[in-house]
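Undergrad: Sequence:
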Amino acid sequence: MKPEDFRTDNKRPLTGEEYLKSLQDGREIYIYGERVKDVTTHPAFRNAAASVAQLYDALHKPS
15 MKPEDFRTDN KRPLTGEEYL KSLQDGREIY IYGERVKDVT THPAFRNAAA
65 SVAQLYDALH KPS
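Read in order, the letters of the sequence shown are residues 15 to 77 in the numbering used here.
These are calculated hints, taken from the structure and not from any lab test.
Backbone N, C-alpha and C fix where the C-beta goes; we use that ideal spot for every residue, glycine too.
Just so you know, not all the hints are guaranteed correct.
[Unchecked claim] In silico EDC-like pairs for lysine to aspartate or glutamate, Cα to Cα no more than 20 angstroms straight-line: (1) K25 with D52; (2) K75 with E31; (3) K51 with D71; (4) K75 with E32; (5) K51 with E31; (6) K75 with D39; (7) K25 with E42; (8) K35 with D52.
[What the hints assert, rightly or not] Label-pair restraints from in silico Cβ distances: (9) Y46 with K75: 34 to 40 angstroms; (10) K25 with I45: 32 to 38 angstroms; (11) I45 with Q68: 19 to 25 angstroms; (12) H74 with Y44: 18 to 24 angstroms; (13) Y46 with S77: 24 to 30 angstroms; (14) E32 with N61: 25 to 31 angstroms; (15) R26 with T55: 38 to 44 angstroms; (16) D52 with T29: 16 to 22 angstroms; (17) R41 with L73: 21 to 27 angstroms; (18) G40 with A62: 26 to 32 angstroms; (19) K51 with K25: 14 to 20 angstroms; (20) S77 with K51: 18 to 24 angstroms; (21) K51 with H74: 25 to 31 angstroms; (22) S65 with E42: 21 to 27 angstroms.
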């Protein structure tokens with residue numbers, strides 16, 4: 015499948031904020047036996063999530 019198959023709105027990429035909100039969907043993530051409630055705030059994942067969000071935001075900045 016292509017990424018566009020997962021989106022209903024193919025007009026623009028997500029913003030960083032939209033990307034982070036999309037991660038807060040109740041998914042079940044575990045690390046070292048601990049369930050991660052929110053990957054955007056957990057110390058093991060928050061920096062990676064923020065980095066990807068910055069990449070999405072860069073797509074919306076004028077050249």
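Undergrad: Evaluate each hint against the coordinates.
TA: Verification of the supplied hints:
no., hint, verdict
1, K25 with D52, "28 angstroms, violated"
2, K75 with E31, "14 angstroms, holds"
3, K51 with D71, "24 angstroms, violated"
4, K75 with E32, "15 angstroms, holds"
5, K51 with E31, "18 angstroms, holds"
6, K75 with D39, "27 angstroms, violated"
7, K25 with E42, "30 angstroms, violated"
8, K35 with D52, "10 angstroms, holds"
9, Y46 with K75: 34 to 40 angstroms, "37 angstroms, holds"
10, K25 with I45: 32 to 38 angstroms, "35 angstroms, holds"
11, I45 with Q68: 19 to 25 angstroms, "23 angstroms, holds"
12, H74 with Y44: 18 to 24 angstroms, "33 angstroms, violated"
13, Y46 with S77: 24 to 30 angstroms, "43 angstroms, violated"
14, E32 with N61: 25 to 31 angstroms, "19 angstroms, violated"
15, R26 with T55: 38 to 44 angstroms, "26 angstroms, violated"
16, D52 with T29: 16 to 22 angstroms, "19 angstroms, holds"
17, R41 with L73: 21 to 27 angstroms, "24 angstroms, holds"
18, G40 with A62: 26 to 32 angstroms, "19 angstroms, violated"
19, K51 with K25: 14 to 20 angstroms, "32 angstroms, violated"
20, S77 with K51: 18 to 24 angstroms, "38 angstroms, violated"
21, K51 with H74: 25 to 31 angstroms, "29 angstroms, holds"
22, S65 with E42: 21 to 27 angstroms, "23 angstroms, holds"
Hints 1, 3, 6, 7, 12, 13, 14, 15, 18, 19, 20 from the earlier list are contradicted by this structure; the remaining hints agree with it.
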